[in-house]
Structure formats: structure tokens, C-alpha cells
Amino acid sequence: MIHAINDALFEEMERDERVILFGEDVGTSIFGDTRGLQQKFGRERVRDTPISETVMAGMAVGAAAAGYRVICHLMYANFIYTAFDAIANQATKLRLMTNGQIRLPIVFMAVGGGGRSNSAQHSDYPHAALASLGGLYVVTPGNSGDAKGLLKSAIRCDDPVVFLQPASRGGEMGDVPDAETLIPLGKASVTKEGADVTLVAIAAMQRPALRAAAELAEEGIDVEVVDPRTVFPLDRATILDSLKKTGRLVVVDEARQAGSMANQIAAIAAGEGFRHLRARVTCITTRDLPIAYSPPLETAMIPDAARIADGIRTLMKERAA
Amino acid sequence: MFRRMMLIRKAEERLASDFKAGELPGSVHLYIGQEAVAVGICAHLAASDYITSTHRGHGHYLAKDGDLFAMFAEVRGRSSGICGGMGGSMHVADMSKGIIGANGIVGGGIGLAAGAALAAQLDGNGAVAVAFFGDGASAQGVVSEALNISALWKLPLILVCENNGYSEFSPTKAVISGNIADRGAAYGVPSVAVDGNDIAAMWQAAHEAIDRARSGDGPTLIEARTYRFHGHVEGEAGFLKSKYRTDEEVDERRDADPIKRFAAELVSRKVLDEAEIEEISREIGASVDDAADRAVNEPWPDVSSLESLEVR
Ligand SMILES: Cc1ncc(C[n+]2csc(CCOP(=O)(O)OP(=O)(O)O)c2C)c(N)n1
Numbered sequence: 003m004i005h006a007i008n009d010a011l012f013e014e015m016e017r018d019e020r021v022i023l024f025g026e027d028v029g030t031s032i033f034g035d036t037r038g039l040q041q042k043f044g045r046e047r048v049r050d051t052p053i054s055e056t057v058m059a060g061m062a063v064g065a066a067a068a069g070y071r072v073i074c075h076l077m078y079a080n081f082i083y084t085a086f087d088a089i090a091n092q093a094t095k096l097r098l099m100t101n102g103q104i105r106l107p108i109v110f111m112a113v114g115g116g117g118r119s120n121s122a123q124h125s126d127y128p129h130a131a132l133a134s135l136g137g138l139y140v141v142t143p144g145n146s147g148d149a150k151g152l153l154k155s156a157i158r159c160d161d162p163v164v165f166l167q168p169a170s171r172g173g174e175m176g177d178v179p180d181a182e183t184l185i186p187l188g189k190a191s192v193t194k195e196g197a198d199v200t201l202v203a204i205a206a207m208q209r210p211a212l213r214a215a216a217e218l219a220e221e222g223i224d225v226e227v228v229d230p231r232t233v234f235p236l237d238r239a240t241i242l243d244s245l246k247k248t249g250r251l252v253v254v255d256e257a258r259q260a261g262s263m264a265n266q267i268a269a270i271a272a273g274e275g276f277r278h279l280r281a282r283v284t285c286i287t288t289r290d291l292p293i294a295y296s297p298p299l300e301t302a303m304i305p306d307a308a309r310i311a312d313g314i315r316t317l318m319k320e321r322a323a
Numbered sequence: 004m005f006r007r008m009m010l011i012r013k014a015e016e017r018l019a020s021d022f023k024a025g026e027l028p029g030s031v032h033l034y035i036g037q038e039a040v041a042v043g044i045c046a047h048l049a050a051s052d053y054i055t056s057t058h059r060g061h062g063h064y065l066a067k068d069g070d071l072f073a074m075f076a077e078v079r080g081r082s083s084g085i086c087g088g089m090g091g092s093m094h095v096a097d098m099s100k101g102i103i104g105a106n107g108i109v110g111g112g113i114g115l116a117a118g119a120a121l122a123a124q125l126d127g128n129g130a131v132a133v134a135f136f137g138d139g140a141s142a143q144g145v146v147s148e149a150l151n152i153s154a155l156w157k158l159p160l161i162l163v164c165e166n167n168g169y170s171e172f173s174p175t176k177a178v179i180s181g182n183i184a185d186r187g188a189a190y191g192v193p194s195v196a197v198d199g200n201d202i203a204a205m206w207q208a209a210h211e212a213i214d215r216a217r218s219g220d221g222p223t224l225i226e227a228r229t230y231r232f233h234g235h236v237e238g239e240a241g242f243l244k245s246k247y248r249t250d251e252e253v254d255e256r257r258d259a260d261p262i263k264r265f266a267a268e269l270v271s272r273k274v275l276d277e278a279e280i281e282e283i284s285r286e287i288g289a290s291v292d293d294a295a296d297r298a299v300n301e302p303w304p305d306v307s308s309l310e311s312l313e314v315r
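Just so you know, the sequences run in chain order A and B.
Under the numbering used here, the first residue of the first sequence carries the number 3, and numbering increases by one thereafter.
Under the numbering used here, the first residue of the second sequence carries the number 4, and numbering increases by one thereafter.
Because the hints were derived from the structure by calculation, they are not lab data.
You may find that some hints are simply not true.
To be verified - In silico DSSO-like links for lysine-lysine, alpha-carbon gap of 30 angstroms or less: (1) A:LYS42 x B:LYS23; (2) A:LYS246 x A:LYS189; (3) A:LYS154 x A:LYS194; (4) A:LYS189 x A:LYS95; (5) A:LYS42 x B:LYS246; (6) A:LYS319 x A:LYS194; (7) A:LYS154 x B:LYS244; (8) A:LYS95 x A:LYS42; (9) A:LYS42 x A:LYS194; (10) A:LYS42 x B:LYS157; (11) B:LYS23 x B:LYS246; (12) B:LYS23 x B:LYS273.
Said to hold, decoys possible - Where chain B lies over chain A, by a calculated footprint (3+ residues, C-beta under 8 angstroms): (13) 26 to 38; (14) 54 to 63; (15) 115 to 122; (16) 246 to 257.
For glycine and all other residues, C-beta sits at the position ideal for the given N, C-alpha and C.
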């Protein structure tokens, strides 16, 4: 996915000279997503910052208000918390408070999620907390092609966007369109069609979800996999259309369930989708705890294909009963 | 103090080789080359004093008397680790020794140390709190906030900035303006820059700062100028496209290795001879290997161990 993100950054910086990017060691590029940008576009437009997330996020807001398209790279998603004040109190609020005088074309980029024993302070997936702010798009791709098209749209968007990339998908290749493929923000996609159950899988959970779907296909369970791609605003229509077809909903998310996107999607099903439901909604999430370091504990905490498949099997049996 | 520095060195060399062998989960940031800072400071501290540390925290932990075996077990994610395998390398902590812990958030420990200093002040028992942080971390706003509030309230806080010349892959001068030690003056906080590879100088600076804190005269800022011999993170060569510092630079800095310097000093003052130093090194190396070897086959934590940690 990293190369897709890198492509998108190159193309958009090439296309619009008012796009600037800054972050800690973005020249060196720890994840590889910003690799080569500084050489290509220079140190004016691509800046290495001190470790100062508070002022970085504040500067993103100020520079965007003053006319630039700003990409603020915050490295690990947990460092969004360090930058949170400017995101939550400024970036999301200024458009409304100034009655639209201020528009903020900002992309806050970060890499989230566990799976590599990076421990609790480097493993959060905070999309739900960000989605709850209301004034900002929260985009999180599940495959490389989407990563590129979504990031390009995010950079062109006139409102703030958080672009959260799943750490565990960094090395994944997958197809990346060369052409100017833009994926609209706020539009989900159906990554596998199916008739029996709708499986909404967010970001990194796409891979185990598709794996579980393939496994279940052999058992005669036809799973439809949906990728929201943008978790705020959420594409309710795509989820509800799928639910209408299948009558069952499972949501899988690499995040805690309390106050979660999984619950939000379940609530949509229980509300607008109530008449389509033929079974209870199932949420498969991490435990309501920070992610533990020890590999066996971390593995047990993060949903995988086996847990997803089990959840769906149980749900399908309930119908028989 | 020499033994303690040697212990940190040997323990970390072992971690480096274990990491290279692919035996350690997660990421490991080594302190090799900076030992005089942690040891010079912690030599003055008791278990009732507090420290907070950084992502590069093994040295502080061991200098503050953290258990060696429990550290190795923690880095391996085992149940007998000092945090039961929950935290790992970046989070070694032992509250029974006043080690509030290593920290994955750059600057994260500084506010905590100020809070521990507040608690110590309220307790009125003369305890102090030390915040270790890096040159890179000194760009975080919390440093200014901590200087201000600790000076105002005369908190028994010692801010120890370990300036090792790099903030990840950026040279300090690219990300830090001015001299870190000059910053205290603006808040009325006594501040010194010290050769962090000189154990005697570190010990002396720490002595003065800790004395001041214990007698109720408030915080001190110490900038310890040092160097890290290993990468920012073990295995970094695997993802870096190019070098951010030359091999010659690292080699040159090795001349000022704090352990080598301390050894030479001890020999020249006839405290120890070369053979005795050799023997200490061998003996500590053996006890380190023993602890590290014992950690290898420790059991993994059980998933049920998470239950007691839930907020219910
Ligand atoms: C809030 C936050 N921002 C960024 C990082 C990523 N990061 C980890 S270590 C580091 C560099 C720290 O440099 P310094 O404070 O000089 O300590 P050193 O590594 O040199 O010991 C960075 C940027 C982090 N862990 N936390």
C-alpha cells in the first residue's frame, strides 16, 4: 500500500504546486510513503519538522487557512493524540465558526493499528474518535488501489481529512491504477459480492475478511464483503443496500468496540435497516483494552480470519435454530 | 558506578544480538554510549525517588536498579517480564523501584515526572523526580510547560535532556534551535550543560541538582551531551535508503566512549588495573548472559491475564 500512497503524493504535488507536506523525518521516510518527495519537490515544500505535534497540527490549520493545501504527516496514529487539540478544537471547528469563511484543505496522515508488537502506544486505530468530531473526513483504505484514489481525493478536498493507513498492510502490493483514478470520499465499495451475509470490514480487516469469505464459500456460505473506505461520513446507502440483499450483518474492525465504528454501523442496521434484518448484528473488534505487546496476546486481541469465520458460522446457525 | 555502566552495556549488547537473531518482537532502541548519564544521575537516587524515561529506556531502568532478568523477559514478551509482557522494550517500569517507566510517546514522561515531583512535594519526604528525555523531545511543548510550572511551584524535579546529536534520523541542529541548556534561564530554572560521557561531571551535576530539589529549592535542567553508538532503532539499516551519519563519525565518537574513559580514569588513578577491568567485564557479561538465557524459555502470558487489566 505504501507505493500506492507514495504515487498519490507524487502525482498531487506535481499537479498542484500549492500542496506542501511536512512531518518528522519525512525526508528519510520511516514508512516509505514519503520517500523521494523531498528530492523531487525540494525542502521548501517537503519539510522535516522537529518533534512538535502540537504546533505541527496548528500550523497545518494556519497554513491551510492562508491558502495552501497541507499534508501533515503525524507518523504513528497514536501521535494524533499529541496533535489532537489543533485537530479537534481548530481544524474541525473553523469552517462552522467562521460561517464558511475559512476552508481547510488539510490531510492529516498517520499509520495505525497493531500486529507487529509495537505495544500500546503505537498500535491504536483511532478512526472512531476522529469520526466523532464531525467536521472532518476520516478515510482509511483497505487495499492499495483505494489508498491511491482516496488519498488523491483527500488532497483535493477543501475540508480537513484524516487519512489513516493500516500498518499491517504497508508491504501489500495489489493493483494500483496508473491513471488519474480518483475515488470519491464518502463512498463505500463492495469488494466481494454475496447473498447470505454482509460483512463490513474496515481498513486492515479487509484481508482477513476476504480470506474468511473464501473459506466460508467452500462451506456454502455466500458472504458479501463491504469496505466503507471513508468512515466519516459513512456511506449508509451501500451498507443498507447490501443488508437488504443478505438480511444479516457482521462488522469487523481493528479497534475497540466501546464508542466504535462497529457500533455505529450496527446502529444504522438497527435503525434504518431494521426491516431487512433477519438475525442479530455481530460486531467483531479488539478487546476494550490497549493492545498488549506480547505476541500471543496481541494476536488474540486483533480479529483474524478464523474469528471472523467463526462469528459468521455462529450467526448462520442461529437461522437454522 | 563502573559496574552499573558495564551492566547496561553488556545487557544492551545482548539485546542487540538477540534482535539480530530475530528473537525479539517489536522494536528495540539501544542506549549504548549514553550509560554515564543514567548512572551519574541514578547514583544519587533511592527507590523512593522517581524517574520517567523514554523509548530508549533500558539504561535508565537498569541504572535505577531495575531487575535484569525481568527486563529480558519483558522484552521477550514473557509472563515473568517486569510488566508481564504487556509493555515490552519501550515500556519497562517497576513502581517498587520508583521507575514510572519507559515511554513510547516522545515527551510523554516529562509531565508524569512533574506530577511525581508534585506528589513528592506533598509527601514532604524529600523525594525527587527525574525526567529523562532526548534532544528531539525538547521540541515538545511540554518541556516549556514543565519548566514553567515546576519553577513556579518549586517542584523537586530534575529535567535531564540527553542530547545524543540525533532525533531519529535528523541531526539535532536541524530540529532544535539554540542551546537546550539555555532554555531554563527564561523560567528562572538553574541549568547546566554537561559532558554526558564524563561520569564524574555527570555525577557532580546530578549531585547539585538533586540536592537543590531535596532541599525545596525547585527544579534544575541538565543537558547531558552524549552520543548513541547504535542506530535510532535496531534493524534500521533494513528500511533506510541512505545513511544519515557516516561510519567515520561513529568511529571518531567511540574514542569518547564513557565506559572506556571511566576505565582509563580508574586505571590512571590506580583504583583498578587492566586485568581487574577485564575481569569485571567478563563477570558482568556472564551474569547478563545467564539472565538473558533464562528469559528465553519463560512461558508466554496467558490471554486470561488481560482480564485483571480491564476497567470494569
Ligand atoms: C509524540 C511522538 N512523536 C514522534 C514519535 C516518534 N519518535 C520516536 S523516537 C523519536 C526521536 C526521539 O529523539 P530524541 O528525543 O532525541 O531521543 P533519542 O531517540 O535520540 O534518544 C521520534 C520522532 C514518538 N514516539 N512520539
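These are the hints, each one checked on the structure:
1. Note on LYS42 (chain A) and LYS23 (chain B): the hinted pairing is violated, with a Cα-Cα distance of about 34 angstroms set against a maximum of 30 angstroms.
2. For the suggested pair LYS246 (chain A) and LYS189 (chain A), the alpha carbons sit about 18 angstroms apart, so the restraint of at most 30 angstroms is met.
3. Between LYS154 (chain A) and LYS194 (chain A) the CA atoms are separated by roughly 24 angstroms; this keeps the pair inside 30 angstroms, and the hint holds.
4. Simply put, LYS189 (chain A) and LYS95 (chain A) have alpha-carbon atoms about 23 angstroms apart, close enough for the 30 angstroms limit, and the pair holds.
5. Simply put, LYS42 (chain A) and LYS246 (chain B) have alpha-carbon atoms about 19 angstroms apart, close enough for the 30 angstroms limit, and the pair holds.
6. Proximity of LYS319 (chain A) to LYS194 (chain A) is assessed by CA-CA distance (about 22 angstroms); at most 30 angstroms being required, the pair is judged to hold.
7. The straight-line distance between the Cα atoms of LYS154 (chain A) and LYS244 (chain B) is roughly 25 angstroms, inside the 30 angstroms bound, and the hint therefore holds.
8. Distance hint between LYS95 (chain A) and LYS42 (chain A) is unfulfilled; the C-alpha atoms sit about 34 angstroms from each other, more than 30 angstroms.
9. Simply put, LYS42 (chain A) and LYS194 (chain A) have alpha-carbon atoms about 38 angstroms apart, too far for the 30 angstroms limit, and the pair is violated.
10. At roughly 50 angstroms between alpha-carbon atoms, LYS42 (chain A) and LYS157 (chain B) are farther apart than 30 angstroms, so this suggested pair is violated.
11. A C-alpha spacing of about 19 angstroms is found between LYS23 (chain B) and LYS246 (chain B), which places the hinted pair at or below 30 angstroms, so the restraint holds.
12. Between LYS23 (chain B) and LYS273 (chain B) the CA atoms are separated by roughly 38 angstroms; this puts the pair beyond 30 angstroms, and the hint is violated.
13. Look at the segment 26 to 38 of chain A against chain B: 7 of its residues bring a Cβ nearer than 8 angstroms to a Cβ of that chain, three or more, so the hint holds.
14. Remark: the segment 54 to 63 of chain A is confirmed as covered by chain B, as 4 of its residues place a Cβ nearer than 8 angstroms to a Cβ of that chain, reaching the required three.
15. A stretch counts as covered by a chain when three or more of its residues have a beta carbon under 8 angstroms from one of that chain; for the segment 115 to 122 of chain A and chain B the count is 5, and the coverage holds.
16. With 0 residues carrying a beta carbon less than 8 angstroms from a beta carbon of chain B, the segment 246 to 257 of chain A misses the three-residue requirement, and the given coverage is violated.
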